[in-house]
Amino acid sequence: KAGVTQTPRYLIKTRGQQVTLSCSPISGHRSVSWYQQTPGQGLQFLFEYFSETQRNKGNFPGRFSGRQFSNSRSEMNVSTLELGDSALYLCASSNTDPEKLFFGSGTQLSVL
Amino acid sequence: AQSVTQPDIHITVSEGASLELRCNYSYGATPYLFWYVQSPGQGLQLLLKYFSGDTLVQGIKGFEAEFKRSQSSFNLRKPSVHWSDAAEYFCAVQSYNTDKLIFGTGTRLQVFP
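In the order they appear, the protein sequences are chains S and R.
The numbering of the first sequence is my numbering, which starts it at 392 and goes up by one.
The numbering of the second sequence is my numbering, which starts it at 4 and goes up by one.
Just chain S, with the same shape it has in the complex (with noise of 0.2 Å):
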């Protein structure tokens, strides 16, 4: 069973660019969740799809964004890229539970 899949696997944007990335679940696993990973703040929730629709939202501004597809695949974007949104972002997908939850290997996105 292939596991999450994040593409791309590195990003270098320029400030005020936006971006979209993307995430394909386990195959059967219908949410998704996104986290920001920066050295100082560690794992921030950013949002939670299920079955397309958005179920949780951390405390991030509006330009950051997602959407769910009706395979499951999720795209994040950020609109008007500022250079503290440099970071990892991981995707994670589940079934139900969210203690089986399956992350995948992040996009490394460096704003310039």
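Worth double-checking, as some hints may not be accurate.
[Claimed, not checked] Pairwise CB distance ranges (calculated):
1) S:Arg406 - R:Thr33: 42 to 50 Å
2) R:Ala4 - S:Pro452: 44 to 52 Å
3) R:Asp11 - S:Thr429: 16 to 24 Å
4) R:Gln74 - S:Arg421: 33 to 41 Å
5) S:Thr398 - R:Ile63: 26 to 34 Å
[Claimed, not checked] Just a sample of chain R residues kept apart from chain S, beta carbon distances all over 10 Å, derived:
6) Ser17
7) Ser21
8) Thr33
9) Gly44
10) Gln61
11) Gln113
For the record, the hints were derived by calculation from the structure and aren't laboratory data.
This one's a predicted model, so the numbers in the text were calculated from it and none came from an experiment.
For glycine and all other residues, C-beta sits at the position ideal for the given N, C-alpha and C.
Fit chain R to the given chain S structure using the hints.
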């Protein structure tokens, strides 16, 4: 507010030595607690979890953790560390508002031969 504190940012041990990584939580009721490990360039892997029952929890890779309600702690232990254990370790609590995981800031473990 629910939170998790990992007081040690960085720990260095010799291979074969014992290990204890500290985790303290703030939570209003019986918490669901987790330990994850992240190897360089990888996502997070679940080591073990505590929901209820026996306060000593066994996990993968020879790790165990003990839930101590009186100390609001859930420390991770391993009797003999291997070089391959070098990684970053995260403690987490499940939020009772959203069911999502609230992570600590992590402890980076370095292992010397």
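Please test the hint of 33 to 41 Å on the beta carbon pair from R:Gln74 and S:Arg421. holds, 38 Å
Reported absence of R:Gly44 from the contact zone with chain S (all CB gaps over 10 Å): violated, 7 Å
According to the definition I'm using, a residue is off the interface if its beta carbon is farther than 10 Å from all beta carbons of the partner; does R:Ser17 meet that for chain S? At about 25 Å from chain S, R:Ser17 clears the 10 Å cut-off, so the statement holds.
Holds or violated: 26 to 34 Å for the Cβ distance of S:Thr398 and R:Ile63? Holds - the Cβ-Cβ distance for S:Thr398 and R:Ile63, about 28 Å, lies within 26 to 34 Å.
Given a hinted range of 44 to 52 Å, is it respected by the beta-carbon distance of R:Ala4 and S:Pro452? Violated, since R:Ala4 and S:Pro452 (Cβ atoms, about 20 Å apart) do not stay within the stated range.
Regarding S:Arg406 and R:Thr33, is the given constraint of 42 to 50 Å on their beta-carbon distance met? holds, 45 Å
Please settle this one: R:Thr33 was flagged as non-interface, so is its CB more than 10 Å from every CB on chain S? Answer for R:Thr33: holds, closest chain S Cβ roughly 14 Å.
Measuring Cβ to Cβ, find out whether R:Ser21 lies farther than 10 Å from everything in chain S. About 25 Å separates R:Ser21 from the closest Cβ of chain S, which puts it past 10 Å; holds.
Non-interface claim for R:Gln113: all C-beta distances to chain S beyond 10 Å? About 15 Å separates R:Gln113 from the closest Cβ of chain S, which puts it past 10 Å; holds.
Once the closest CB in chain S is found, is it more than 10 Å from R:Gln61? holds, 16 Å
I want to verify a distance hint. Is the separation of the beta carbons of R:Asp11 and S:Thr429 within 16 to 24 Å? holds, 18 Å
Against the hints set out earlier in the document, violations occur for numbers 2 and 9.
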